[in-house]
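Engineer: Residue numbers (the working numbering), protein chains in the order written: chain A, 4 to 290; chain B, 5 to 319; chain C, 74 to 500.
Hints are computed from structural coordinates only; laboratory data are not their basis.
Some hints could be false.
As the list claims (entries may be wrong) - According to the in silico footprint, chain B covers these stretches of chain C (three or more CB under 8 Å from chain B):
no. : region
1   : 165 to 176
2   : 316 to 323
Stated by the list, open to error - No more than 16 Å apart at the CA atoms, straight line, and that leaves these computed lysine to aspartate or glutamate pairs for EDC-like:
no. : chain 1 : residue 1 : chain 2 : residue 2
3   : C       : K390      : B       : D74
4   : B       : K82       : C       : E231
5   : C       : K390      : C       : E372
The structure displayed is predicted, hence computed values, not measured ones.
C-beta: ideal position from N, C-alpha, C; glycine also.
Okay, here's what each chain looks like letter by letter:
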Amino acid sequence: MSAAIAVRPRRSSGRMRATVKYTLLTLFAIPWVGIPLWLVVVNSWKTQGEAARLSLGLPEQWAIVENYAAVFTTGNYLTGLRNSLLVAIPTIVVVLLLGSAAAWAYARSTSRSFQAFFYLTSLSILLPPAVIPTIFVLTTLGLDGSIAGYALMMMGTRLGIAVFLITGFIRGIPPELEEAAAIDGASRRRIFFSLMLPLLRPVLFVGGVLLVITVWNDFFFGVLLLKTSANATLPLTLYSFASASTSSLRWNLVFAHVVMTSLPLIVAYLVSQRQVLAGLTEGGVKG
Amino acid sequence: MVMAPPAPAEHRSSRRAPSGVRREPARRTPIRARWWGFAIPSLVLVVVFFVVPFALNIPFAFSSWSGYSDDIRLIGLKNFELLWERGILQNSIGITVVYAVIAMTVQNVVSLSLALALRTTNFVNSLYRSIFFLPVLISPLAAGYIWRAIVSPDGPLNAAIALAVPGFDKAWLGDPVTALVTVAFVDAWKWSGIATLVYIAGLNSIPSTMLEAASIDGANAWQRFWRISFPLLAPAFTFNVVTTLIGALSAYDVIASTTGGGPGVSTVTLNVAAVQQFGLSYFGTASALSLTVTVLVVVFAVPLVAWLRRREVAA
Amino acid sequence: MKFKSVVAGVATTAVAISLAACSSPETSEEVTTLTLWHNSADTPAVLDLYERFEAETGIHLELVDIPSDAFETTTTTKWATGDRPDILEYHPTRSALFALNPAQNMQDLSDMDYVAKSGDLYKSMGSVDGTVYAAITGFPSIFGIYYNKAVLADAGLEPPTSFGDLSSICDALAGTGTAPIYESGGSAWPTQILPLLYVSDANEADAYGSAIAANEQSLADPDGAFEQGLEAYAGLRDQGCFNADATSATFENALASVYDGSAAMTALHSDAYAVLLAAAGGDAAALDATIGFVPVSAESPVAAYASAPIGTFYAPKTGDAAREAAAREFIAFATGAGYQQLVDAGPSFPVIDGAETPTDFSELQLAFKAAYDGGATVAVNSNVAGFGAFVTETSKLLAGQTTPADAAASMQDQVEQASVAAGIPGW
Numbered sequence: 004m005s006a007a008i009a010v011r012p013r014r015s016s017g018r019m020r021a022t023v024k025y026t027l028l029t030l031f032a033i034p035w036v037g038i039p040l041w042l043v044v045v046n047s048w049k050t051q052g053e054a055a056r057l058s059l060g061l062p063e064q065w066a067i068v069e070n071y072a073a074v075f076t077t078g079n080y081l082t083g084l085r086n087s088l089l090v091a092i093p094t095i096v097v098v099l100l101l102g103s104a105a106a107w108a109y110a111r112s113t114s115r116s117f118q119a120f121f122y123l124t125s126l127s128i129l130l131p132p133a134v135i136p137t138i139f140v141l142t143t144l145g146l147d148g149s150i151a152g153y154a155l156m157m158m159g160t161r162l163g164i165a166v167f168l169i170t171g172f173i174r175g176i177p178p179e180l181e182e183a184a185a186i187d188g189a190s191r192r193r194i195f196f197s198l199m200l201p202l203l204r205p206v207l208f209v210g211g212v213l214l215v216i217t218v219w220n221d222f223f224f225g226v227l228l229l230k231t232s233a234n235a236t237l238p239l240t241l242y243s244f245a246s247a248s249t250s251s252l253r254w255n256l257v258f259a260h261v262v263m264t265s266l267p268l269i270v271a272y273l274v275s276q277r278q279v280l281a282g283l284t285e286g287g288v289k290g
Numbered sequence: 005m006v007m008a009p010p011a012p013a014e015h016r017s018s019r020r021a022p023s024g025v026r027r028e029p030a031r032r033t034p035i036r037a038r039w040w041g042f043a044i045p046s047l048v049l050v051v052v053f054f055v056v057p058f059a060l061n062i063p064f065a066f067s068s069w070s071g072y073s074d075d076i077r078l079i080g081l082k083n084f085e086l087l088w089e090r091g092i093l094q095n096s097i098g099i100t101v102v103y104a105v106i107a108m109t110v111q112n113v114v115s116l117s118l119a120l121a122l123r124t125t126n127f128v129n130s131l132y133r134s135i136f137f138l139p140v141l142i143s144p145l146a147a148g149y150i151w152r153a154i155v156s157p158d159g160p161l162n163a164a165i166a167l168a169v170p171g172f173d174k175a176w177l178g179d180p181v182t183a184l185v186t187v188a189f190v191d192a193w194k195w196s197g198i199a200t201l202v203y204i205a206g207l208n209s210i211p212s213t214m215l216e217a218a219s220i221d222g223a224n225a226w227q228r229f230w231r232i233s234f235p236l237l238a239p240a241f242t243f244n245v246v247t248t249l250i251g252a253l254s255a256y257d258v259i260a261s262t263t264g265g266g267p268g269v270s271t272v273t274l275n276v277a278a279v280q281q282f283g284l285s286y287f288g289t290a291s292a293l294s295l296t297v298t299v300l301v302v303v304f305a306v307p308l309v310a311w312l313r314r315r316e317v318a319a
Numbered sequence: 074m075k076f077k078s079v080v081a082g083v084a085t086t087a088v089a090i091s092l093a094a095c096s097s098p099e100t101s102e103e104v105t106t107l108t109l110w111h112n113s114a115d116t117p118a119v120l121d122l123y124e125r126f127e128a129e130t131g132i133h134l135e136l137v138d139i140p141s142d143a144f145e146t147t148t149t150t151k152w153a154t155g156d157r158p159d160i161l162e163y164h165p166t167r168s169a170l171f172a173l174n175p176a177q178n179m180q181d182l183s184d185m186d187y188v189a190k191s192g193d194l195y196k197s198m199g200s201v202d203g204t205v206y207a208a209i210t211g212f213p214s215i216f217g218i219y220y221n222k223a224v225l226a227d228a229g230l231e232p233p234t235s236f237g238d239l240s241s242i243c244d245a246l247a248g249t250g251t252a253p254i255y256e257s258g259g260s261a262w263p264t265q266i267l268p269l270l271y272v273s274d275a276n277e278a279d280a281y282g283s284a285i286a287a288n289e290q291s292l293a294d295p296d297g298a299f300e301q302g303l304e305a306y307a308g309l310r311d312q313g314c315f316n317a318d319a320t321s322a323t324f325e326n327a328l329a330s331v332y333d334g335s336a337a338m339t340a341l342h343s344d345a346y347a348v349l350l351a352a353a354g355g356d357a358a359a360l361d362a363t364i365g366f367v368p369v370s371a372e373s374p375v376a377a378y379a380s381a382p383i384g385t386f387y388a389p390k391t392g393d394a395a396r397e398a399a400a401r402e403f404i405a406f407a408t409g410a411g412y413q414q415l416v417d418a419g420p421s422f423p424v425i426d427g428a429e430t431p432t433d434f435s436e437l438q439l440a441f442k443a444a445y446d447g448g449a450t451v452a453v454n455s456n457v458a459g460f461g462a463f464v465t466e467t468s469k470l471l472a473g474q475t476t477p478a479d480a481a482a483s484m485q486d487q488v489e490q491a492s493v494a495a496g497i498p499g500w
């Protein structure tokens with residue numbers, strides 16, 4: 004009653020508040036996202052001399068074709084793309100699969116050793132990986148410098164965050180469903196694949212997003228673990244490309260490369276956008 | 005239903021337990037054995053590619069390993085002494101901490117504000133959420149290049165400021181203080197999009213009944229936020245604080261593409277210092293700096309996480 | 074004691090394993106591929122050299138790009154992991170070479186033809202204890218002052234010949250809006266040049282450098298040329314000679330500014346010529362009309378030089394005899410059959426006897442040669458171990474984060490650390 008009366012005035016002031024809010028949001032979004040991204044895109048269309056001025060204006064002389072062509076030829080883009088995919092896809096699949104399996108064990112088991120394993124794996128999120136000894140390990144396995152070795156290192160260092168997130172998520176799921184399935188005679192493996200993984204979809208999306216972003220954009224370990232130009236991932240080709248001339252940083256080419264490096268991720272994001280947002284905003288992260 | 009579980013265990017285990025008392029031990033062993041198969045693959049990867057290298061790194065921090073000679077000797081704390089005498093240790097620890105604090109603050113303030121504004125899931129909000137998520141997808145290296153261009157003396161930032169203050173051409177990356185603030189800001193800028201989404205998740209998990217009850221009781225929006233929402237946001241807060249902290253402690257890419265550690269040494273974080281030592285072929289001191297990062301993490305992050313988790317449980 | 078040997082054992086084993094893993098598994102003598110670590114900023118002439126070698130011998134050169142922005146760091150870090158290329162392109166200066174432990178890791182090239190044909194070059198570059206490890210094909214980088222002819226002429230000033238001149242030109246141009254000296258703190262490495270130039274007239278025949286290297290003189294001596302040079306640099310800074318954005322400006326900005334006249338002078342080296350030419354839109358004649366180059370030192374116009382990494386090759390020991398021989402074949406080609414074309418393509422001044430000097434040099438390039446022939450001395454940091462962090466000290470000095478005395482003391486410490494690590498006699 005009093006609530007109903009209170010609602011009406013609130014509705015029109017609510018609309019004004021909404022307008023104000025979205026205006027402020029837009030005003031904030033422009034310098035926060037709009038200008039940086041526009042700077043990249045518009046300067047990737049300019050010639051080197053014009054791009055050096057780093058202005059936000061449109062090009063006087065359009066050089067889109069030359070710049071983007073250069074990214075593909077001297078910028079080694081396709082090789083970088085292939086290698087980044089060769090690393091990212093297996094890493095994500097393996098980490099999410101093995102991570103879920105381990106997380107299920109850690110969440111459901113009461114054994115103390117398993118608790119210890121959980122803490123150990125989670126601790127790996129915080130601690131910095133040690134590069135040189137990793138290379139010794141890879142060398143002993145005969146994998147140094149290869150994509151496979153790099154991918155394995157990515158997996159070993161990324162499992163922590165996957166296990167951490169997924170364990171937390173599973174702990175929030177009541178065990179009744181699994182127990183019911185067990186009663187019905189399903190093997191643990193079947194329960195895992197048919198019941199758990201589908202249930203875990205939100206957190207798997209969250210984990211997948213975090214994984215792909217960090218793996219795709221890794222630079223530091225790539226420089227040290229990948230030996231030849233044929234093995235270079237996209238960040239490496241970008242860095243090589245950016246410092247590839249005795250003349251100044253060729254902003255136009257660098258930005259063109261940045262666009263092409265980010266494009267696969269942006270496309271993947273746009274395609275899976277709804278799941279990603281749903282996973283992240285609807286309980287993918289439950290401490 | 006509660007009685008049902010023992011039955012399938014009895015099914016699978018070949019041990020026929022005649023009485024109810026003996027059934028318990030028969031159940032526990034087989035289940036634990038079955039869990040091992042799920043945990044082992046992940047454990048192997050983590051141990052081989054994380055724990056072992058990590059453990060191997062520790063002796064190197066106390067060794068004289070360098071590119072100058074093949075002779076490697078354990079020299080106790082000499083590396084740390086040397087780094088202390090040169091001022092490298094104190095400088096990089098200080099800079100890393102300042103960097104982490106600035107990045108953490110900016111990121112959490114911005115993302116929490118955005119989350120409050122965009123918490124409702126509708127088309128417009130989803131659009132804005134996606135827009136603010138875009139920087140997350142760009143590599144830190146690229147983010148560094150972009151902002152280096154924006155804050156350059158003849159770049160767009162100064163051009164905008166020049167509208168109010170004519171002739172403004174400050175070199176943001178040339179002043180020790182503003183350079184550090186700028187690189188920390190770029191770090192925060194890059195990750196805010198994800199933190200926002202995490203906060204939105206946290207906000208949406210707060211039962212609306214609690215908030216409605218509070219507003220009926222007369223609490224205004226501000227009070228509702230601080231008394232109810234904020235404490236219940238604890239898990240999201242933990243997640244964001246921890247990830248920001250780790251990100252800041254391992255900062256390298258952003259600094260490499262903007263200042264390279266300069267001007268002078270004002271943006272040399274621990275990781276940048278470690279890479280510089282590598283560049284001088286002093287691998288022992290480089291490992292010592294990496295070990296320092298580890299120690300910092302253990303000393304600060306782990307208790308922080310524990311404390312934050314306790315807050316979560318209490319809330 | 075036991076732990077020490079365990080660690081040493083682990084490390085050596087790991088290095089040995091990685092060396093073994095790196096070497097080719099093929100047992101035949103046929104070498105089809107060689108790995109070459111090269112600077113991503115290699116000139117077209119050098120890139121062409123690689124292609125010509127491949128065409129000539131049928132051996133494929135697997136080029137590994139080392140980003141020139143982090144050239145030393147990336148190379149030494151990869152080296153630390155035990156990774157060895159068949160051919161390495163790197164600095165020939167002794168201070169860089171020490172850090173790679175050449176006696177253990179590099180092939181001895183002293184008996185190759187080019188060594189005897191390079192005059193006195195290998196007395197100070199690319200060699201340790203008389204053993205030559207490097208093959209230098211490029212003309213040294215000459216450090217000096219680029220100046221805008223019109224800016225100085227309009228102010229009635231002569232090009233500088235000493236640090237005193239730099240200071241008086243600075244006074245004369247005060248308040249005119251033109252930066253007398255453009256410093257590139259953003260790129261960091263150019264900040265070393267003015268202090269190095271100061272020392273050059275005290276370093277004839279590398280006397281001063283050798284004394285430092287042998288621990289007979291100290292860098293931290295307040296009356297020594299080195300600390301005096303740092304004082305002079307700080308003096309120019311305090312006098313207001315540098316551009317306002319010195320701590321973040323890049324060397325590309327420096328060259329562009331000197332070309333367009335917003336700065337009068339900048340201290341850089343001859344290898345920046347390509348960038349300068351680009352700033353002039355590729356017009357060498359316009360460039361010659363606008364820019365001049367002079368050597369400058371404490372009291373007299375003496376330039377400093379150092380051989381550059383571009384076009385300097387080493388043949389690391391990889392444990393595979395066939396590949397090591399093929400690497401030497403590459404070096405023989407680069408310094409012999411393929412050398413003339415390399416020089417012509419530059420064009421660059423030859424450093425190996427028997428090659429003809431091209432005739433199409435611009436005035437500016439001839440000025441470099443004149444500075445070199447006119448008594449240039451080896452840059453003092455070239456042959457002293459441990460100078461790697463000099464760039465940090467000069468950057469800090471420019472930013473006012475250290476004093477000349479502290480910087481000199483710190484450099485002396487670093488030289489001591491590296492010299493002891495390298496086992497150099499006298500330390």
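Engineer: All hints, please: hold or fail.
Structural biologist: Here is what the structure says about each hint:
no.	hint	result
1	165 to 176	holds (count 4)
2	316 to 323	holds (count 6)
3	C:K390 <-> B:D74	holds (14 Å)
4	B:K82 <-> C:E231	violated (53 Å)
5	C:K390 <-> C:E372	violated (45 Å)
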